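Chains as they are written, first to last, in our numbering: chain A, 478 to 815; chain B, 2 to 267.
No wet-lab data here; the hints were simulated from the structure. Nothing here was measured: the structure is a model prediction, and the numbers come from that model. All C-beta atoms, glycine included, are put in the ideal place defined by N, C-alpha and C. A few of these clues could be false.
[To be verified] Taking lysine to aspartate or glutamate and the DMTMM-like style, the derived pairs with C-alpha atoms no more than 25 angstroms apart in a straight line are:
id	chain 1	residue 1	chain 2	residue 2
1	B	57	A	756
2	B	110	A	704
3	B	80	A	756
4	B	110	B	160
5	A	694	B	10
6	A	714	B	17
7	A	694	B	121
8	A	694	B	211
9	B	118	A	673
10	B	96	A	704
11	A	694	B	119
12	B	110	A	671
13	A	717	B	17
14	B	76	B	119
15	A	714	B	90
16	B	18	A	703
[Stated by the list, open to error] Cβ pair distances, simulated, as ranges:
id	chain 1	residue 1	chain 2	residue 2	range
17	B	131	A	621	39 to 47 angstroms
18	A	800	B	87	33 to 41 angstroms
19	B	24	A	592	51 to 59 angstroms
20	B	171	A	501	50 to 58 angstroms
21	A	640	B	241	30 to 38 angstroms
22	A	496	B	67	55 to 63 angstroms
[Said to hold, decoys possible] Short, incomplete list of chain B residues facing chain A, as computed with Cβ under 10 angstroms:
id	residue
23	78
24	82
25	83
26	91
27	95
28	106
29	155
30	189
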Amino acid sequence: MKRLRKSPSVPFLIICASPFLIILTVALSILYGTKGIDASTIWQAIVHFDSTNVDHNIIMQSRLPRVLAALLVGAFLAISGAIMQGMTRNYLASPSIMGVTDGSAFVITICMIFFPAMSNIHMIMFSMIGSALGAGIVFGFGSIMRNGLSPVRLAIIGTVIGTFLSSLSSVLATHFQISQDLTFWYNAKIHKVDPDILLLALPIGLTGLVLALIISKSITILSLGDDISISLGQRTKWVKAISIIIVICLTGTAVALVGKIGFVGLIIPHITRFIVGIDYRFVIPCSAIIGGIFLALSDVASRFINFPFETPVGVVTALIGVPFFLYLIRTRGGERRA
Amino acid sequence: MVTTVIRAERLTTKYEKFTVFSELSTSIKKGQITTIIGPNGCGKSTLLKTISRILKQQSGEVFLQEQDMKGISTKAIAKQLALLSQNPEAPLQLKVEELISYGRFPHRKNVGTLSSKDMEVIEWAMDITKTTAFRNREIAQLSGGQRQKVWLAMALAQETSILLLDEPTTYLDLAHQLEVLQIVERLNKEHHCTIVMVLHDINHAARFSDELIAMKNGEIITAGPPEKIIAKNVLKEVFNIDARIMVDPENGSPVCFGYDALPERE
Chain A
478 MKRLRKSPSV PFLIICASPF LIILTVALSI LYGTKGIDAS TIWQAIVHFD STNVDHNIIM
538 QSRLPRVLAA LLVGAFLAIS GAIMQGMTRN YLASPSIMGV TDGSAFVITI CMIFFPAMSN
598 IHMIMFSMIG SALGAGIVFG FGSIMRNGLS PVRLAIIGTV IGTFLSSLSS VLATHFQISQ
658 DLTFWYNAKI HKVDPDILLL ALPIGLTGLV LALIISKSIT ILSLGDDISI SLGQRTKWVK
718 AISIIIVICL TGTAVALVGK IGFVGLIIPH ITRFIVGIDY RFVIPCSAII GGIFLALSDV
778 ASRFINFPFE TPVGVVTALI GVPFFLYLIR TRGGERRA
Chain B
2 MVTTVIRAER LTTKYEKFTV FSELSTSIKK GQITTIIGPN GCGKSTLLKT ISRILKQQSG
62 EVFLQEQDMK GISTKAIAKQ LALLSQNPEA PLQLKVEELI SYGRFPHRKN VGTLSSKDME
122 VIEWAMDITK TTAFRNREIA QLSGGQRQKV WLAMALAQET SILLLDEPTT YLDLAHQLEV
182 LQIVERLNKE HHCTIVMVLH DINHAARFSD ELIAMKNGEI ITAGPPEKII AKNVLKEVFN
242 IDARIMVDPE NGSPVCFGYD ALPERE
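One chain only, chain A, in its complex shape:
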């Protein structure tokens, strides 16, 4: 039998190498920080944890949860961005640009005002509701405006609505005097991630990833355009509904974990498609891997930009993301292709 495609060796290489790359990233992230800790202490902390040892506590309570959170959040945002770009054929689609993360942060703000003692699971749920709200408002405006779903217009609507929601959040936060608690969400509190909420996020993330993989082939078909997708016998509305639910769950969980982080969901899917091609069966898992590692390494970098003070990780992702965003607008113009 003749082989149709060139063997998808690049995606398999990425997937096979990912455990090693992830371990390396975790090791780097635990080793390097404001306080230098040597490798043998790290080993001791893992095998013989001593709760009275300061270094051990830093490792197990701060650095390990932190790198795990970065890996998860990076993966969640990258998968969300990949699904959004494939589904809408809009190369600027991503959770932060389309108001999804701002919606989450807005609803979290409201909840922190009225239910300050909210449990972790409630926080994740409200964050998901916020994601749905943000996406709903942006796509709602997009569909009632003439040509509002074109890439650049939708990005403008998303940015305007996102900025509005975030301003509203800070007005509310100031009025109810909870600004202190909220700055975390607006500067990404990756260094203060709560290990308990991390454990809750894991099953949600895995479910989202599995669902995303199941519908990945349908997303490839959807990326050929709605007409072709229907003509090929795909139940387009159903696939879109599942895609939206996955995006809302993953982005909502990501914001509940560490707050808003921009650009990961935008740039990682582009870089991934550049490497592995446009088959979403490969784009989705590879985006997850590359996104997680990218955010974890950005987090490591954030500790050294202004040493010994930490720079918010969102600043690092923006430093890389903004030039890339401008490059996309310049090279791809108003074309409606993802």
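Could you slot chain B onto chain A? The hints should help.
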């Protein structure tokens, strides 16, 4: 005995509040090439999209092989009917062969790779459309004519007995227009494929079709064989032109060799 493969009954389709056509009925005969002609905005493409379920009608029914399409799963429809839409856009990094292989989607299980049967059909589709030579190129590297043939090949890979084509020759040069229509003709003659297409060129429509449907303002003015439709009175009514018509001595089909605009009518 000619049988009907697609029958539209009292179809009404709207774009938001604008009604494109209402209570429209027509039928397509099996094994024939039927071409819909008419001025811009008359509802030709909308009719094609409605009978291929891309657009949902407000009311009325479409019957596929005498079965109401609402009762057939969209995947089952995709095994009987393929559509080549107007100006399709593919991700530019996609390879020709990969794009064509997506035509097998309705025949494949959710997981797994292409079967040898899939491969065979893809090879056949590339062979008929003469796209084999650039099978490994990316869509971005193709000319408009090549792209159109690749899209046609993808629709063929669906292996359906009915093929709907929405303006398959638009934006192509004269030679490529003819090439695409000859492929369509060959599919009809050799593979007994029922073809329904929308064309702007009435001479091409006359030459390649068994049946023409002339539309204007959301209504079917008349339908019938080319000799009956490519006539002075019909073209006057449909396009508001004064056409000069003769018969092509080479193939016997009516040809409009010149025309003038008639004054605007109320």
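Hint-by-hint comparison with the structure:
1. B:57 x A:756: This hinted pair is violated, its Cα atoms lying about 29 angstroms apart.
2. B:110 x A:704: holds (21 angstroms)
3. B:80 x A:756: holds (23 angstroms)
4. B:110 x B:160: Measuring from Cα to Cα gives roughly 16 angstroms; hence the hint holds.
5. A:694 x B:10: violated (35 angstroms)
6. A:714 x B:17: holds (18 angstroms)
7. A:694 x B:121: Holds. Residue 694 of chain A to residue 121 of chain B sits at ~22 angstroms (cutoff 25 angstroms).
8. A:694 x B:211: At roughly 39 angstroms apart (the allowed maximum being 25 angstroms), residue 211 of chain B and residue 694 of chain A break the hint.
9. B:118 x A:673: violated (52 angstroms)
10. B:96 x A:704: holds (20 angstroms)
11. A:694 x B:119: holds (17 angstroms)
12. B:110 x A:671: Given pair residue 110 of chain B, residue 671 of chain A is violated - Cα atoms ~43 angstroms apart, limit 25 angstroms.
13. A:717 x B:17: holds (21 angstroms)
14. B:76 x B:119: Satisfied, since the Cα-Cα distance of roughly 16 angstroms is no more than 25 angstroms.
15. A:714 x B:90: Between residue 714 of chain A and residue 90 of chain B the Cα gap is close to 20 angstroms, so the pair holds against 25 angstroms.
16. B:18 x A:703: Cα-Cα ~21 angstroms, so holds.
17. B:131 x A:621: 39 to 47 angstroms: Holds: the Cβ-Cβ distance is about 45 angstroms, inside 39 to 47 angstroms.
18. A:800 x B:87: 33 to 41 angstroms: holds (37 angstroms)
19. B:24 x A:592: 51 to 59 angstroms: holds (57 angstroms)
20. B:171 x A:501: 50 to 58 angstroms: holds (54 angstroms)
21. A:640 x B:241: 30 to 38 angstroms: violated (53 angstroms)
22. A:496 x B:67: 55 to 63 angstroms: Holds, since residue 496 of chain A and residue 67 of chain B (Cβ atoms, about 57 angstroms apart) stay within the stated range.
23. 78: holds (6 angstroms)
24. 82: holds (8 angstroms)
25. 83: With a closest approach of 7 angstroms, the residue 83 of chain B hint holds.
26. 91: holds (6 angstroms)
27. 95: OK, holds: residue 95 of chain B within 10 angstroms of chain A, min 6 angstroms.
28. 106: Hint on residue 106 of chain B: holds, closest Cβ of chain A at ~4 angstroms, below 10 angstroms.
29. 155: holds (8 angstroms)
30. 189: violated (20 angstroms)
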